[in-house]
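Engineer: Following the hints, position chain V against chain G.
Number of protein chains: 2
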Amino acid sequence: MRDVEGGVCAPRGFRAGGIWCGIKAGSRKRDLALIYSDKPCTAAAMFTSNRVKAAPVLVSREHLASGLLRAVIANSGNANACTGEPGLAAARRMAELAAGEFAIKAGEVAVASTGVIGVPLPIAAIESSISSLADSIRADAAGHEAALEAIMTTDTRKKAAAVELEIGGKKVRIGGMVKGSGMIHPNMATMLCFVTTDAALSGELLDRALRRAVRRSFNRVTVDGDTSTNDTIIIMANGEAGNALIGAEGEAYGLFAEALEVLCVRLARAMARDGEGATRLVTVNLQGAPGEDEAECLAKAVAASSLVKAACFGADANWGRVLCALGYAGVDFDPDKTDVYFASSAGEVLVCRGGASVPFSEEEAKKILSQEEIEIRIELHGGSAAAQVWGCDLSYDYVKINGDYRS
Amino acid sequence: MRDVEGGVCAPRGFRAGGIWCGIKAGSRKRDLALIYSDKPCTAAAMFTSNRVKAAPVLVSREHLASGLLRAVIANSGNANACTGEPGLAAARRMAELAAGEFAIKAGEVAVASTGVIGVPLPIAAIESSISSLADSIRADAAGHEAALEAIMTTDTRKKAAAVELEIGGKKVRIGGMVKGSGMIHPNMATMLCFVTTDAALSGELLDRALRRAVRRSFNRVTVDGDTSTNDTIIIMANGEAGNALIGAEGEAYGLFAEALEVLCVRLARAMARDGEGATRLVTVNLQGAPGEDEAECLAKAVAASSLVKAACFGADANWGRVLCALGYAGVDFDPDKTDVYFASSAGEVLVCRGGASVPFSEEEAKKILSQEEIEIRIELHGGSAAAQVWGCDLSYDYVKINGDYRS
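In the order they appear, the protein sequences are chains G and V. In terms of our numbering, the first sequence opens at residue 1468 and continues consecutively. In terms of our numbering, the second sequence opens at residue 1468 and continues consecutively.
Careful: at least some of the hints might be erroneous.
A pair holds if it fits inside one copy or across any two, identical chains being indistinguishable in the list.
[Claimed, not checked] Restricting the straight-line Cα-Cα distance to at most 20 Å, the calculated cross-link-like pairs of lysine to aspartate or glutamate (DMTMM-like) are:
no., residue 1, residue 2
1, 1506, 1707
2, 1572, 1716
3, 1834, 1671
4, 1638, 1839
5, 1572, 1505
6, 1520, 1846
7, 1520, 1799
Please keep in mind that the hints were generated in silico from the structure rather than gathered at the bench. Values in this document were obtained by computation on a predicted structure and should not be read as measured data.
Excised from the complex, chain G in its bound form:
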């Protein structure tokens, strides 16, 4: 497996583009994106677990029921959530508009939105720009870049990746883009992620691979504990790589599923790193748990703790807060056997052994925690399962960004 350029346009047969249509009224930043496959695709998707679901989520879920897609249309600047019947009509209209440009069915188009909640979507802006959008799509990296820019809100970095691997002698590519920086919590909140591949898979296997990858990537990211109304991940597979259709578990499926997981983990880490106001990527690496579910739950409690996050911002080796967060995770474990390490490119330091303090150099710990990527490593000595969870620190800027988001 090797990295390649081009994001969602890296796999054969996909084109993408993004323009400004006027939804982001205060700027001329791109706000409307399209990803299109020249051939019909097998598709799979996962949506927010929030009981309040945005209109595009409801519409895309409907369209995905067939397991087939040709395109995704997405806008930023407006979430089209809590917008009632007019919102639902607007989401359907978005799919129709995109379908009209390519003479495909509206049911073959998925829809996604991100931005402020509760404001009517200015569908007229999309109507008047849909032809320009369709004309703008390209099969190269520039097309991918334009689409990616058009789904960004408070994101400060472009988050995308693409890989190439060989399956049955054929070169297969998987490419993805993700947007999301605030309101991110296990279960993919305010995240839009679009993945393309030229591999040939049955819908069932594609769905299985997606669920496995999401569980170990996006569902292990936490920025602020809020789960959004809009999160969506969609994967489209058009089979252009020419590999024998993957229709059952086996070597080919294993290779594909692992590559997809690697790609999703990379995107998930990038999202945590780009958490609103974040100055550090914090990886919580929990080992020695009785099972993977327990490991994940404990690691998430640490990564999501406001007190741990604030300590990371201050590069303060306050390991007591780590133990405290483990303690309220709702999972049984033995605090008296628990060891905690802080690590980064600057080194590693043991700060707690058997649930109690050990002497360590505060200066060394400060240096370790002052890096841009830090790790909290926890060893429970209670089993052989492990989980990694990604989060970020809690900074002044998080408050600043979210204190007046709508203005």
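Structural biologist: Quick look at chain V alone, frame taken from chain G:
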């Protein structure tokens, strides 16, 4: 029922005091408190649900098993948590030292600590100051004030109250003090609360009244979602009011339980108001739920949401975040029937009807949300149960306070 002065010293037969013994090494702020009853007390208590329990919690739980107490000794500046066997020995020693001063049994003394986790408790400082502490206790408001100061950490306000009511022709008093400002979440985190009363109750009824009051007060406060290793609430009843022993539910019990609930709600609100870095008290008032548990769970999700809290800081009428938080609370409700109001002393404004936006004056909403005490009122139209939850906004200062707490 009327308010009276004197806090925990308001009920007859209680004395209290607080001194500086040197645990808070960097300042001369009081750090050691004692509350003492001249007569034996019936007692009840509740402790943290965190699996990591501080040594004083373990010791107090043991001592409370008998249901009898004479005194509480408490320190600030050090949580005596994650301190292993030496920590446990230090907590036991604190009880012994207090008992020695009054010729009572160590088992009649409860112990509490609050402060930094994982640092050995300097028990020698307590040993050398215990006589001064015992000598300092007084039955007046000054004694109460000194004890209250000695349990404060990042608290910026003194939080105490006392009430008087009549039960069976006798004047009964209940007084309380509470410390807590950060790391506060449902289940009383990093909260120390001591309540005294001169009412006569059986242990069983005292315990019942305490649990009822805590459920509707301290367990409905959220500051940052973290639940501490140390939280403790203890109530002592010495019977000095001369009322007929309350040994069964009935009018007398009802009067006492309600007064205790009123007192605890007042202390809980004060605690939320004093949340670390808080500029506003936020009351989430949820109505129309199918049951009280559901109402509480939904209201807590709103009060605990970092995005809602940051919007409150910015006085931003971002009601979409309220709906979003309701949506991930894990409770079934109908978003399309939900109304949301923002209210304060400056007025009330409907911002969401039936899950969708309604026109409102942004200027008016801003004015309402700019007050020091604001209310988010939610009407689900799905039943007749209600719950109130108290929280605060999320400000720059929260991050500042917690970014380098240990220094």
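Engineer: Among all the numbered hints in the text so far, which are the ones the structure does not match?
Structural biologist: Of the numbered hints given earlier, those the structure breaks are 2, 3, 4, listed in rising order.
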